[in-house]
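Since the structure of chain F is already known, use the hints to place chain U on it.
Protein sequences appear in the order of chains F and U. In terms of this note's numbering, the first sequence opens at residue 12 and continues consecutively. In terms of this note's numbering, the second sequence opens at residue 33 and continues consecutively.
Don't take each hint at face value.
[As the list claims (entries may be wrong)] Here are the simulated distance ranges between beta carbons: (1) ALA458/F / THR422/U: 51 to 61 Å; (2) GLN124/U / GLY302/F: 46 to 56 Å; (3) THR413/U / ALA312/F: 26 to 36 Å.
[To be verified] Negatives, chain U to chain F, calculated, CB over 10 Å: (4) LEU60; (5) THR77; (6) LYS143; (7) VAL220; (8) SER224; (9) LYS247; (10) GLU264; (11) ALA272; (12) ASP287; (13) PHE323; (14) PHE335; (15) GLU357; (16) THR380; (17) PRO399; (18) PRO407.
Hints listed in this document are in silico derivations from the structure and should not be mistaken for laboratory results. Keep in mind that this is a model prediction, so the values were computed, not measured. Each residue gets a CB set at the ideal place from its N, CA and C atoms; glycine is no exception.
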Amino acid sequence: MRPAAILLLLGLIWESRIPHSESRRGELGGNVSSGIRDSGSGIRLATHNLIAAQDSRIRELIDRLLDEEIGVRQKAAEQLAEFGAAAVPALEGLTGSPDLELRARAASILKSISENKVLSRHWRRGPRITLDFENSPAARVLEELARQGGDAFKFDAAAFQDPLRLKVKDSSFWDALDALCRAAPALGWDVAGDALSFTGKRRPDFPSKRQDEFNVWVEGVRFSREYDFTGNPRSMFILDLASAWESGVNPAGVEQKISEILDDAGAAILLPEALSYGNWLEVPKARIQRGAFYVPLPRGAKEIRKFARVRGTSTFHFPKSYQDLSIDLRSTPAPLTSDRITVVVRNFRVLKDSCSIEVVVSSPIGPGEPPVDRLPLGEIALVDDQGGLHRVRSLSRRRASSDSSITVLDTVEASLPEGRTVVSLNLRVLKDLVEKRVAFEFNDIPAE
Amino acid sequence: MRTLGAVLMVLALSGSVSLQEDGRLRELLRKLDDDAIEVRAAAATSLAELGKAALPALEKAAAEAGAELRERLAEVLRKIRERERLASILPQPSRITLDARDMPIRGVFEKLSRQTGTAIDYSAIPEAGRVTLSLDRVPLWTAIDQVCRASGRVMADVGPEHVVISPDPFIALPGKITDLFCVTLQRVDLSSKGAFGQQDRFEHFGANFHVAWEKGVHPYRVMKRMIELVDENGIEVVTAADNPEFEPTAPIAPDMIRLDFDVDSDRGPGPGATRLARLKVEIDLEFALKFAEVKVGLAAGKFPVDGECPEFSARLLRFERLEDEEVGTLILTPRLPIDGDLGPDTVTVILRDKAGKEYPATLTPVPPTNENEIPYQLGFTQAPEDAVFTEIVIRIPTEVHHERLIVDLKDLPLK
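Isolated chain F, as found in the complex:
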């Protein structure tokens, strides 16, 4: 069986064994759900057979961890890591092995599995799209693309009845969408929250780079002339850059950078230093990150009609590992420092049917590290005396960053059923991140 097929099957098993939301709640509460839930008996039988097949495959791979060839051992380790949760019990059995290398390898594979599990909640490989339409209304093609892409599209079906012809095979979501917009007489899209919304207006021919689950494009080039009556006129270009991602992909922060701009004569335009003040990354509110890049022109600079080259990167940061922390609230909690992250909770107040608390998370930013907000809101919960978990909502959130650290101050509140008292606060802070990077190079961008 090809690894991709295995992963797909595993994905199915994962979904049927632990529903997504259940698994998140379970993990945070510390009582991971197990077993098959709420599935029909047919599916149950199928998954049993699959699990049996997996078990023998896992045993085979574990045997290979002891192979004399290092290449074979390495490959087996990678494949076991791809197995994910199903391989965990067997690997845990190996951590007590007298063989030092086997013990170390098992521990390392378990770490990868745990990181992949975290990552899989935020990133998934995009589905491959195949569309074959001859004289079909655009609305039908949109429906099919949304279905295959697992996406939500907003459009008025009645407005997209013009027939079109489109053949796309095994393509990425963004390539398929681009082909569709080109095939339709007038079709454009924009990101609307977690969905894409469509209009009957042709999408402009933005310079774009589509790579895997990501799409990066130059949305506009603005020219601004500042006439200063005190005698210091200035002018600048502003490049509007946008990075979007597929549905089901949830970055913890997106960083857009432009590293080089050449004018129409091929000369480099000096880029201003990136401003570090307040330059922190947070979980985007929609499936898009937009940014404006200011390119001041020296006084008396000659007119620029196009940019010969614009080069840069969009970096998408995904959580790879979290640190779960539990803070006892029955006595005055002391600050908690763990792996460079400091957490302070204070001002715990019990109100009539709710309670509120302030959480302050500070973390240093090393050179080259992204200034990511390390306190994802969805990851804070209060635990009551009966073990009940109460997710909090934010009353106010404030962030501040310097060159070397980022601090997040969150005042949160949770409703509490009558008769319960809060004993602790569970929170999960972002520890390690993995990045996916899209490097772009656009040539001959008209500056108009």
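Frame of chain F; chain U shown alone:
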């Protein structure tokens, strides 16, 4: 008429006005009770103009008057008191008198700055420059403008807290000078966006103004709106109908004498414009005649800390240093229906330190947890780290005086 007689008797005994004024007061009070409405209105205006000195006599007269006359006198008293309050926040402008013949510019500014409470830094002016001009009781901003203009070698720039005279060639900035205020247009921003063959072009217009007032003038808020923009082809790009509402500007610190503000529009003449036919903005400087005020003490260092006045109550949940600013969380709860509201454009929050220095807060609304409460995040970016803070003052104006300025600029060159 019997009550009026009694009132006049009281007046005779009050002794707070001179005999001559006493006669005039009697006359005006008689007219305030006249049968003809025009006579009564004229008398009310004249009585109000007598000002503070007439207050004790009028108060006594009101106490003795019959219902109708008492009502009219109450109105006159209210007007006088309002004017008194206004005078304390909107004082008379400094009047500058100068007679300079080939006098060093520095010496001229030395003389000028002695006649105003507004600080003027003229230390950068070279010794050499001389100027000849004569000013007779000219308001401050006009005086500064005329000295700079006559010299041609110095330029005045109003900083946030004082005026700076620099040794730069004089440039007449477009704007408007009144007795108390000086508004200048600093720059305009003309942008366009070409978006890869899109039909609809996006153009943006922005204009940056400075509005300055003399030291001692205390607007609590300044509002602005652009009411006209006409391009060089005579096309009305912006009209008053586009901006029916005033927009707030930045919070005003207590020692501030200059505020920057921008007006902008998503339509504009574009970067290629060589001239603007007309740019008209309206500025509303608001002066609070009365405040509802709550103070919460920080000295104890314990939170939450509460305070209240008849109109609203305040609870400060926390107050602390976060990186490079002081921050806090404040919850306001109205106790009475307030004229205006407890919105971020109305509420002023000031942090006071041990030395009495004040720092204004920026207020960021936070979603409320119950419908009565209005929570805010406070940020004091100007507050230094080493100061000892004593209290936070929360103010809501309950009676407001408006000073409106219309700045109408024509034929502005942009090349």
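Hints and how they fare:
no.: 1; hint: ALA458/F / THR422/U: 51 to 61 Å; result: holds, 55 Å
no.: 2; hint: GLN124/U / GLY302/F: 46 to 56 Å; result: holds, 51 Å
no.: 3; hint: THR413/U / ALA312/F: 26 to 36 Å; result: holds, 34 Å
no.: 4; hint: LEU60; result: holds, 51 Å
no.: 5; hint: THR77; result: holds, 43 Å
no.: 6; hint: LYS143; result: holds, 26 Å
no.: 7; hint: VAL220; result: violated, 5 Å
no.: 8; hint: SER224; result: violated, 6 Å
no.: 9; hint: LYS247; result: holds, 23 Å
no.: 10; hint: GLU264; result: holds, 13 Å
no.: 11; hint: ALA272; result: holds, 24 Å
no.: 12; hint: ASP287; result: holds, 24 Å
no.: 13; hint: PHE323; result: holds, 26 Å
no.: 14; hint: PHE335; result: violated, 7 Å
no.: 15; hint: GLU357; result: violated, 7 Å
no.: 16; hint: THR380; result: holds, 20 Å
no.: 17; hint: PRO399; result: violated, 7 Å
no.: 18; hint: PRO407; result: violated, 7 Å
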